[in-house]
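Below, each chain spelled out in residue letters.
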Amino acid sequence: MIALAMIVVPLVAAALVMLARRVLPLARVLAVAGAVATLVLAIFLPGTRPLDLTWLPGIGVSFSLDGNGAGSVLTFAAALMMIPAVLVATTRVASGAAGFAALLLVALGGLNGIFLAKDLVLFYVFWEATLIPGLLLLGIWGGERRREATVKYLVYAVTGSFFMLISILAVKALSGAASFHVIDLMLAAPELPVATQTWLFVGLAIGMAVKLPIWPLHSWLVDLNEQNHPSGAADVLGSLYKVGAFGFFAWGLPLLPAGALRVAPILLALSAVTALYGAFGAIGSNHLKRFLAYGSLSHMGIIGVGVFGMHLAGMSGAMYFLAAQMVSTGGLFLIVGMLYHRRRSLYLADYGGLAKAAPALAAFTLFLIFTFIGVPGLSNFPGEFMSLLGAFQTSPWPAAIATLTVIAAGVYGVNLYQRLFQGRSEAVVKDLDALEMYVLLPVIVGVLLFGLMPAPHLQRIESQSQLAELQLERAAAAPGGITLSDVGGAR
Amino acid sequence: MTFPGQIDIHWSVLAPAIALLVTAAVTLFIALFSRDSRGAAGAALIGVITAGVFTLAQLLSGEANAASFGLRYLGDVPALTLTLVILLGTVAAVLVSWDQLQRGGMEHPEYYPLMLLSALGAVVMASAGDLITLILGLEIMSLPVYALSAWRTRDRQSEEAGMKYFLLGAFGSAILIYGAALVYGAAGSFVYGDVAAALSSGNLTLLATLGGALVLAGLGFKAALAPFHQWAPDVYTGAPTPVVTFMTVVIKIGAFAALLRLATVVFPALQPWLLTALAVMVALTLVVGNFSALMQRGVKRMLAYSSVAHAGYLGLALLATDHGGVAAAAFYLTAYAFMNAGAFAVLSLISDANDHGDDLERFAGLAKRRPWLAAVMTLFMLSLGGIPPLVGFAGKVLVFQAVIDAGYVWLAVLGIATSIVALVYYFRVVAYMYFRESAYEPPAFRSGATQVAIALALAGTLLLGVFPGWWHTLLSAGPRLLAGL
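Sequences listed follow chains A and B, in order. For the first sequence, the numbering used here begins at 237 and goes up steadily by one. For the second sequence, the numbering used here begins at 33 and goes up steadily by one.
Heads up, none of these hints are tricks.
Label-pair ranges, simulated between beta-carbon atoms: (1) A:L423 x B:E469: 54 to 62 Å; (2) A:G646 x B:E473: 51 to 59 Å; (3) A:S331 x B:F61: 50 to 58 Å; (4) A:M689 x B:E473: 55 to 63 Å; (5) B:E393 x A:G412: 46 to 54 Å; (6) A:I502 x B:V312: 32 to 40 Å; (7) B:V312 x A:G412: 28 to 36 Å.
Some chain A residues judged to face chain B by a derived CB distance under 8 Å, without partners named: (8) R382; (9) R383; (10) I402.
Covered stretches of chain A, going by a simulated chain B footprint (3 or more residues, C-beta under 8 Å): (11) 285-298; (12) 362-374; (13) 388-398; (14) 404-418.
Calculated from the structure, these hints are not laboratory results. In this text, a Cβ means the ideal position worked out from N, Cα and C, and glycines have one as well.
Okay, chain B solo, but in the shape it has when bound (with noise of 0.2 Å):
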């Protein structure tokens, strides 16, 4: 359909978005009237999927090639692909929290529609075209879970997450659109395409690469990359346990989505001394983030620096678009996406209602209790950790070749020697579970939906480990809409 003014709109493109601002809206209603929360998730689930159905038919028509906007909102097959992914998360999320927020007393049912809303903007993110549609996706997508990751409302320390992240956010937010602003003066078009073109035409001014490095920056902050990383452990600590499972899997997605349309179209038009601060953003995240994740003794904070850890390894990927990263670090993040929201889905049956006690202790002998749930805690932290025949495995590898192919041998080497590193607190909370005892029983089981998300989870670390292939290929193939894609 095209307007007269020439605004061309794919409906289908626009398809998944609008089902999840339905569903919002929806829940808002059910929200209105209901003060039990079950109502809203039932309904959030049910919009989430429906994305998702838009998603793949598009996906699998064979027209993920759409745009709409000029450009500005695309629906090619990393932005159609990586939308699977953050619904998927979405879905996750919603179930951990099902069982969670009457637990933990915090059963206010306007957490789904934030949390639907803030899955919106992540798909915007991983779809935009430019850089306004970008800044409208992080701040749809950024708002609501700040006031999520408050959401324990009696909880100091779920408070402080709250404010600390929406302070550094902010902050992280005005460092974008400043960036943002200077990119536009430089190359006068807000287009990736148009803002590459200007830029490789020799108008590369002091001004474009000014801009380049706070849009890298503030990105930076909500990929939580070092040196801009610190927010992290703090809110992932702090928020209740459901909504980091949303954070760490539907946020981060978002932010790499929208770093790697910039990395293939933008950054390589800009001075290359951005890749080079981009390549020692990376060094320092993995460096950082796992040395950290080793000194923790909770299992969430552990797990929260860890998060930080794979920030570095999707860096990687970052840095070798040319040479398949970009399908590398769509894998990536689909594997993280399912080993991670199984960990933390686990963690939220192990914590108490009040999310505390995920210190490694309450691990100890779990294999006697829960053996089964030990046995897939175990199969997450070893994918975590990169071992095969996992999906994390896979996506180390991908990455590894990626940016191996794209000549940075040390970065993988360093990538390869942190992964060493990690294996050993990962290996931690198995070995607790395993070869130690303890008299602590975790709460019982409140209903299925959270072991719904476990299995979920556990199909795809295990399915996707041991067949990689299709899926990958799917990523690897399919139209791209802007140049160098």
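Next comes chain A alone, as it looks inside the complex (with noise of 0.2 Å):
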């Protein structure tokens, strides 16, 4: 029940938080109070029984959530960002502040949705839920080019989507499975010829590669980030909607392991391609939200290098990178927030020498920059250490050129910083204030607690890889097969 709670409970706070949204300050109490509650829940979440409901019997379809594994991590983390997202959402946003908390909130009942979900079709249901509130979110408060943003988001994702959906209906109908259920779906689909599967995989993967994001579907993305709006509680969410990578992982790779195994060595090439163009993009830029964009496009490529290498450590590795750079990434794009609301401007070229007004800002800034260039003790390094480390086993060239990224990570994460907060500069800006202590507080928590004692997430991450890598052997081992080692290297 918990697990359904996760996903009625953000739903909730938002039809309240719309119906109190001429009181702004109840507004907030109750969106802040809907994402505490649902991180109080995704802290219980592990364990659960998994929950049961016929939902579409005529077809097979049924309501089913189950709160182990790797979606429990990943609900904490997101529920974990909710709670600066929305606080600033009705502290910051000028007008019409209670619907974009409640757009928020929606979005995180849909996340939590994608996470959970044990049924095929289910998933699909709140992969394309969660649409929405990212669209009417920019498209509402965005920048002055949303307009184009928006459409190019829409398309993508929804063409993407739409071929998944085929590839999930026909997946059933050509396997003859019982149900859309996980398990039946495990059973069955695996049984298909290589050829079947693989077309299949393809529609799949055509979906979930536009919310790895990979190159080169991933132009939606910088959009989305550069016309969201200025405070950055808009990005914590475009940072949660990089789920493809989870819906290989839980769906693409243990239901057609035939068809991964030969579509995987194109896409983990794309990842590693994705990890140093990110890279690029990120030195490149002189605007800080496509530059967190860049950089958070090149940590999607290492996680997807992680999962196509597929091995336990990489895939493990990369999900808890997921969860970890969804704190980081959005610790960081309020932190633009608060950097907007000082000096009116997202370009690092009117930024320099805020150290001297603002020292704890530029030691919280310096500290989340750390964190997103990985560097160890902090929440990015486990994943980002064993992503790499799980590819190298299978698949050492593309893995060597995504390590090429750590490298560059720390020389566009040392700049930023300089350009922001050194240098000399008369300016005058405020340092911290109450209310962005206890935005940032959450970040620094979550930041700690993924780095530090990765162990407990970590293990619930592993039992699912492991039937993961278990598919992935078996259709390796069938006659016919195609072996791991052929993906790339010795294993």
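Got two chains here, separate frames each, mind docking them using the hints?
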């Protein structure tokens, strides 16, 4: 029941926030309470019994949720980041703040659904449902070119997910599975001929690659971040939207392992390219949000390398990295919002020398930049390291290319800090105020938690990774199957 | 009850139709004595709800298995469930008309009797078990609507709509009747079951195939399947919005109810190329409907073309009647009735008294001025576009699953590809409401009737979207009176 509550509670909170929209302080309390309640639920989620309700029995669709595995970690990170996001939304958004916060909560409900669904159609339902709040946030509160960005996001996301839908419906029809439940599908779908699995996997992959996102399907992300509301609250959501890797991990690889083995080398190469491309994009950006968008794109490339390396450690690490980057990237977007609040600009050129006037802001920013570039002890490091380590076991070359971005990250991270806070400036800016401290508190807690105590989270992820690996090994061992080492290097 | 001449009549099967007929007579009587149309509207609502109660009672009593006149008039699950949806659509149309007739200066009380008669025709079509009943239903359904679509008598566009609809409708009917005659010539019977039996026993002649093709074409006219859809956009654009609300829901269900029966029972016994022809028609409908809708600037016209597109999605289910297509189509029709009626109800509130100004500009900035109306319209648009967890999504999934199961993967791919196009034009309305500014102030609300219609449609769109299972189970279960259903 906790799993169900994780979807219902944010939605109810959103409705209450809308009803209280004329009394902003009340709406703010309700929104934060909704996010906190979801976080509390997320803490108690692991180990609860799966939920299994009939939904569309006529074609074998059930309302099945399960809070074990990687999903539990990702819902925790998402709920944690929603607290600062709604707090910022209800304090820094000038008009319609309650609606803004309500949309964030609706999106959180949908995201939890994506992470917890154990029925493929249900997964798709939530996958699509999260699209709308993001579009509205961008379209209503976005910058000057928001319309173009909205259309771009809509077209990319919808095109991808409709391909996914064909594969989803066809996988049951072709495999003869009893239902869309993950267990039924995992039994039947891997028995399909390799060619069939391959085209089904390609269908899924088109949808998931858009939301990984992977080069060349990534460009919606940069525009989305650039045009989103300057407070950064909507960008927190943007960093939660990058759920494609989870889709591959939880559905694509275990359901269609033979197809995955065929297609993965291409995706692996693209992921490596994405990692490098993102890093160079970040180095070359002079716009704060584009900078972060490219930087997180680079992370997504590494996550892709981890997943498509198809090694236990890499897959687990990638999921861990996904959760950790939700916190660190979201936190940096919030910092950018705070900077904008002070200087009304998102261009790096307008900044410099702020450390003197705002030492606390500078310190927190440096802390998050260190996290962002993967300094050990902070949240991004374990996942990033494991992703690359895992990928090296099966595919040294793509992994090596992706590892180059670790160097690049050092360059762009330090460069960013320098250009923002160092150098000479007479500018007088306020240091962090109480509200901003409250906003950053959950972020810091999350960074330290993910950085210093990875074991409990990783254990839950690994239980699911083992399943995926088992399916892949079975497919590789099947007569005529492709071996894992064919993907690249010796295992 | 059985008459000496072996005519079996189950009054419970006929009760909904009789209730509608009586109500039509009563409202006509009220109309004679009162120039205010509200009385007639109230009586119409009561009558439709009574018919609904009869239908529901029969559906739930477990005897949803009775027929009258020797399988010529059926009361099985598909007939009863579609009757319910027809009645729901009629309620929505009456509620929307309640406000709009007065506003638009169209307050002739004969309006409601005509609407009720047309609904009766649709009910008869849904229950038809033979070609004669079908044709009777079709004419009862169509003739009143020709008049209704020209109801705004001082408006050239409305007049043109009525004329065009009448001419092309009559043309469609004629083709259908001609086809029915040929089928009779080949099979020696009008009753679907007998026709199918006669045709599959080796008497498949050119006559029968030609007849089947003409019947298909005739119903294609009514259902607005391409290439027989050309009347639809002009008629929908010209006719008063409350009438369009009625047409897009009730007339469409009537036509598809008939097509579903034929696709299940008769078509499989005909030449396989007829099914191929149907598949091509459906594909064409999907492409033409969606791409034409994409080009429109007026919301009403966009919705008109989109209703052509939805005929395409329904057509997909026709091809998969052996694989759950009947229930899928019935579900899709329900979904379509709710979300489309809702969209037109909102549209009627936005446009001015003369129904003009349904272009996109009128929707600009609506979210600021009428936040709830904009939010509701957003839900209808997204549901029409097939976004979960709204009812349109469940409908699409059922249809696509059925058509994939039936082996038409290419049609499913086409259906999904055109869905992407559809989402672009539906989302455009949302984008105008939320992302743009405008000084246009929509007219004030008259009474609560349209809001009640919107609330009904919204409840259906949300509840059936989140809990689609029970209705789909009901549609899939239950006895089927004709072989193969």
